[in-house]
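Protein chains: 2
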Amino acid sequence: MSATPILYCSHCGAKVEYRIPPGETVVRAVCPACHIIHYQNPKIVAGCIVEWQGDILLCRRAIEPRRGLWTIPAGFMELGESTEEAAARETLEEAKAVVDIYSLYAVFSLPHVGQVYVVFRGRLRTSEYGVGEESLEVQMTSLDKIPWNELAFPVIREILERYVKDREQPHSGAHFASLSPSSPSHPYEDA
Amino acid sequence: MSATPILYCSHCGAKVEYRIPPGETVVRAVCPACHIIHYQNPKIVAGCIVEWQGDILLCRRAIEPRRGLWTIPAGFMELGESTEEAAARETLEEAKAVVDIYSLYAVFSLPHVGQVYVVFRGRLRTSEYGVGEESLEVQMTSLDKIPWNELAFPVIREILERYVKDREQPHSGAHFASLSPSSPSHPYEDA
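Protein chains in written order, with the numbering used here: chain A, 36 to 226; chain L, 36 to 226.
Treat the hints with care, since some could be wrong.
Same chains, same label: a pair holds when it works inside one copy or across any pair of copies.
[Claimed, not checked] Here are the computed lysine to any residue pairs in the SDA-like style, where the Cα-Cα straight-line distance is at most 20 Å:
no., residue 1, residue 2
1, LYS131, THR60
2, LYS131, VAL61
3, LYS200, ARG158
4, LYS131, GLY58
5, LYS78, GLU120
6, LYS131, GLU59
7, LYS50, THR39
Note that these hints are calculated values from the structure, not bench results. It should be emphasised that the depicted structure is a prediction, and the values quoted were computed from it without experimental measurement.
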């Protein structure tokens, strides 16, 4: 489940113990010195399908994991922002593009890595975009030219597959699903 | 932003330093001994509007914060589960009810407390429900009897207000919004 195991209390530095706190049912890291319970929770990856004249914006990753492969603008949400702000920020950082987010598209959970993708649809505000520091290349891509075999993450493939279908025949409501490494169609190696 | 400040490295117990890591733009807790960067991220609260013959299920909280006030089944998502599994688990724990989740209803961010509510709509599978350990009382409530002035959290009020409107005139797509303490209509004391 991807999160680094907690060995020491981040509040007082004592060694933690693993046990089920009173009134709970799950084993937690508990500090025997200052009694804080250290909860570990899934992280949100906020992303955006950025639209412009029928095309969508794809970025080729300049960083690991999956350097050189394609994805939509997406990244870990920070404290102090909303999911839609996080998605717009990632779009600005990775593709130097200002996006107007207009709908919630999908919430996809990856329980095996403790991540939840929250993906919006947005429109490029002007025709301007560029190559951000975390990208090697940024392109407006027509739906029939999506590089299916060079996408960085299976979850992005799953979301874009739905998106292409929805563009042909609109789906009412947002998508939600849980993806696992045992998914038969697209095995999840490490993402 | 609610998260407890990190003072010690949870991996090696050394005192952390606060600085901007190379290639980043945000100040992080960084361990000078083992070089781990300790990211802090928003937490997901997964919840469900549980429907049965036109009514919805409300729980009166037996625990702080907001003991004695009403809410929908909702709670912090755990590692190893999906958002929809978390919402169904909370429904079982708080209202002893088995729910079939059928749509994603809302993603509401509370940046000031580092929380994101992910709320689904679901149908009670059978007529059975009860009072879970974290509830004082659980009731099927008709929409014209929602106790608006006794709801536990402003975000629940915002979501239920939209829900009541949507039941009159369906809204296409899922809702998303960011709520803040300065929201003029419903101040957020401590959410």
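Hints and how they fare:
For the homomeric pair LYS131 and THR60, the shortest alpha-carbon distance between copies (16 Å) is at most 20 Å, but the shortest distance inside one copy (46 Å) is not. Taking the closest pair of Cα atoms, LYS131 and VAL61 come within 20 Å of each other only across two copies (18 Å); inside a single copy the shortest separation is 43 Å, beyond that limit. Taking the closest pair of Cα atoms, LYS200 and ARG158 come within 20 Å of each other only inside a single copy of the chain (19 Å); across copies the shortest separation is 27 Å, beyond that limit. Taking identical chains as interchangeable, the C-alpha atoms of LYS131 and GLY58 lie at most 20 Å apart only when they sit on different chains, with a minimum of 16 Å there against 48 Å within one chain.
Proximity of LYS78 and GLU120 under a CA criterion of 20 Å is satisfied in both settings, with 16 Å inside one chain copy and 16 Å between copies. Only between protomers do LYS131 and GLU59 lie at most 20 Å apart by alpha-carbon distance; the minimum there is 16 Å, versus 45 Å within a single protomer. In the homo-oligomer, the alpha carbons of LYS50 and THR39 lie at most 20 Å apart both inside one protomer (15 Å) and across protomers (18 Å), since each shortest distance falls under that limit.
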